[in-house]
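Asks: Residue numbers (our numbering), protein chains in the order written: chain A, 905 to 966; chain B, -12 to 270.
Just so you know, not all the hints are guaranteed correct.
Said to hold, decoys possible - Heads up, incomplete: computed chain A residues facing chain B, CB under 7 Å, no partners named: (1) R926; (2) F938; (3) A941; (4) Y957.
To be verified - A short list of chain A residues far from chain B (calculated; beta carbon distances all over 12 Å): (5) D924; (6) D925; (7) E927; (8) A928; (9) Q929.
Hints are computed from structural coordinates only; laboratory data are not their basis.
Just so you know, even glycine gets a beta-carbon here, dropped at the ideal spot from N, CA and C.
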Amino acid sequence: MSGQTPPPDAVVAAPLGEADDREAQVRQQVAHLFRHAGDHAVVERLREVVVAYRMAAPEGRP
Amino acid sequence: MTPLNPVSEAALTARIEQLPALPTIANELLASFDQDDIDVDTLARRISNDQSLAAHTLRIANSPFYGLSGKVGAIPDAIVILGFRTVRSLVLSAAMAQSLGRVGNGEFDSHRFWRHSTSVALFARGIARLCRENPEVAFTAGLIHDMGRVLLGTCFPEQYRQVIDWQRDRDCPTMEAERAVLGLDHCVAGGLLARRWCLPANLAGAIARHHLPDGDTCLRLADVCHWADVLAHALAPNPGPLGAVPPVSADAWERLGLDWAQVPPLLQDVQRDLEETCLAFAA
Chain A
905 MSGQTPPPDA VVAAPLGEAD DREAQVRQQV AHLFRHAGDH AVVERLREVV VAYRMAAPEG
965 RP
Chain B
-12 MTPLNPVSEA ALTARIEQLP ALPTIANELL ASFDQDDIDV DTLARRISND QSLAAHTLRI
48 ANSPFYGLSG KVGAIPDAIV ILGFRTVRSL VLSAAMAQSL GRVGNGEFDS HRFWRHSTSV
108 ALFARGIARL CRENPEVAFT AGLIHDMGRV LLGTCFPEQY RQVIDWQRDR DCPTMEAERA
168 VLGLDHCVAG GLLARRWCLP ANLAGAIARH HLPDGDTCLR LADVCHWADV LAHALAPNPG
228 PLGAVPPVSA DAWERLGLDW AQVPPLLQDV QRDLEETCLA FAA
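The task is simple: from the sequences and hints, build the whole structure.
Replies: Rendered as structure tokens:
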């Protein structure tokens, strides 16, 4: 039926799925970028900062 | 491991001896970083007397970055409008860029190189402000921190091509590839060039130790340059296969005493200023 409203879960699921995809992609890019950086806590923290920075930026910008 | 195609320090030193020295005025300006009582008028006259250097500096001062297109006709004008500290950085940058030249080796991406150097300079200036170091010295250090790579790429182009191939084939950090192929790295080369140019000890130390800032005696400017380099790699838009973040010193982070909350604004500031600064220094 054309006027039927989709269930709330479906409405929420689509954009969240896109966001998840983008975050996964950014995390993968950043992990690759940091592959030689080492694995101590400071590097982990910096990686998180860079992921958050890239996620907050418009798509296409680093 | 025996290097693939070794370059001895003696051979490198011999090539460095053939390079032009920095102009005398550049050394005088470097010395002025440590002076409280600076004779600005005399330095302005001395800069003006080096026509090539003055012209290069004025091109930068008149670039869109400073919003003064066509308004700065002479070095004294530049000092009045931009301030002595800014002009000093411009002159030093121009002098070092002229002396190093531009790397023409096809495998060595000079555009990417200068963009990275400018990014490190901006990060170094920002970090220095946060940890109360001299931001202009840090900017200069950032701009020239990789001059050893230019030196190796210029003087030993075939060997440096092998370095790049090695790094690409094995996906390893630059320093590791340089040591495997040449038996020395760009930090050693930069340190030798810094000595030839009689750079102040803190600048020379930052160049020689920006990848290995830890040791018995730590150098604040090397810590600044190390983290500026790390952040510049982390922010690079298209780092390519050779642009990974190098090995990171957690101890240098601790020594700098920075707060993680300060990093995102720093990333934003550099992102905002990078394009125009690159244009200015490419003038």
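Asks: If a hint holds in the structure, say so; if it does not, say that too.
Replies: Verification of the hints:
{"no.": "1", "hint": "R926", "verdict": "17 Å, violated"}
{"no.": "2", "hint": "F938", "verdict": "5 Å, holds"}
{"no.": "3", "hint": "A941", "verdict": "4 Å, holds"}
{"no.": "4", "hint": "Y957", "verdict": "5 Å, holds"}
{"no.": "5", "hint": "D924", "verdict": "22 Å, holds"}
{"no.": "6", "hint": "D925", "verdict": "20 Å, holds"}
{"no.": "7", "hint": "E927", "verdict": "17 Å, holds"}
{"no.": "8", "hint": "A928", "verdict": "19 Å, holds"}
{"no.": "9", "hint": "Q929", "verdict": "15 Å, holds"}
Violation of the numbered hints given earlier is confined to hint 1; every other hint is satisfied by the structure.
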